Amino acid sequence: MEFREIYCSDCKKVLGRYNVKYYSDAKIAELLKISHESHIRDGHKIDLRKTRD
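Going from the sequence shown to my numbering is simple: count from 1 and add 1.
For the record, the hints were derived by calculation from the structure and aren't laboratory data.
Keep in mind that this is a model prediction, so the values were computed, not measured.
Incorrect hints may appear among the rest.
[What the hints assert, rightly or not] Listed below are the simulated DSS-like cross-link pairs for lysine-lysine, each with C-alpha atoms no more than 25 Å apart in a straight line:
| id | residue 1 | residue 2 |
| --- | --- | --- |
| 1 | K46 | K14 |
| 2 | K46 | K34 |
| 3 | K51 | K28 |
| 4 | K14 | K34 |
| 5 | K51 | K13 |
| 6 | K46 | K13 |
| 7 | K46 | K28 |
| 8 | K22 | K51 |
| 9 | K14 | K28 |
| 10 | K34 | K51 |
| 11 | K28 | K13 |
| 12 | K34 | K13 |
| 13 | K22 | K34 |
| 14 | K14 | K51 |
Sequences are here, hints too, so could you generate the full structure?
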């Protein structure tokens, strides 16, 4: 399976893993705005990366 991870480079941790099959890029962008906005507001660098499991 392929996943898209939301990773905070400053905290060095994965904030969320979402299955590519069920979550589109638009849905992941919406999740970033809603769920992880505090990291973005604090100036943290957020990366989106694909992984396989």
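Comparing the hints with the structure gives:
{"no.": "1", "hint": "K46 <-> K14", "verdict": "holds (11 Å)"}
{"no.": "2", "hint": "K46 <-> K34", "verdict": "holds (14 Å)"}
{"no.": "3", "hint": "K51 <-> K28", "verdict": "holds (15 Å)"}
{"no.": "4", "hint": "K14 <-> K34", "verdict": "holds (18 Å)"}
{"no.": "5", "hint": "K51 <-> K13", "verdict": "holds (16 Å)"}
{"no.": "6", "hint": "K46 <-> K13", "verdict": "holds (10 Å)"}
{"no.": "7", "hint": "K46 <-> K28", "verdict": "holds (20 Å)"}
{"no.": "8", "hint": "K22 <-> K51", "verdict": "holds (12 Å)"}
{"no.": "9", "hint": "K14 <-> K28", "verdict": "holds (21 Å)"}
{"no.": "10", "hint": "K34 <-> K51", "verdict": "holds (19 Å)"}
{"no.": "11", "hint": "K28 <-> K13", "verdict": "holds (23 Å)"}
{"no.": "12", "hint": "K34 <-> K13", "verdict": "holds (20 Å)"}
{"no.": "13", "hint": "K22 <-> K34", "verdict": "holds (20 Å)"}
{"no.": "14", "hint": "K14 <-> K51", "verdict": "holds (15 Å)"}
In summary, the structure agrees with every hint in the numbered list given earlier.
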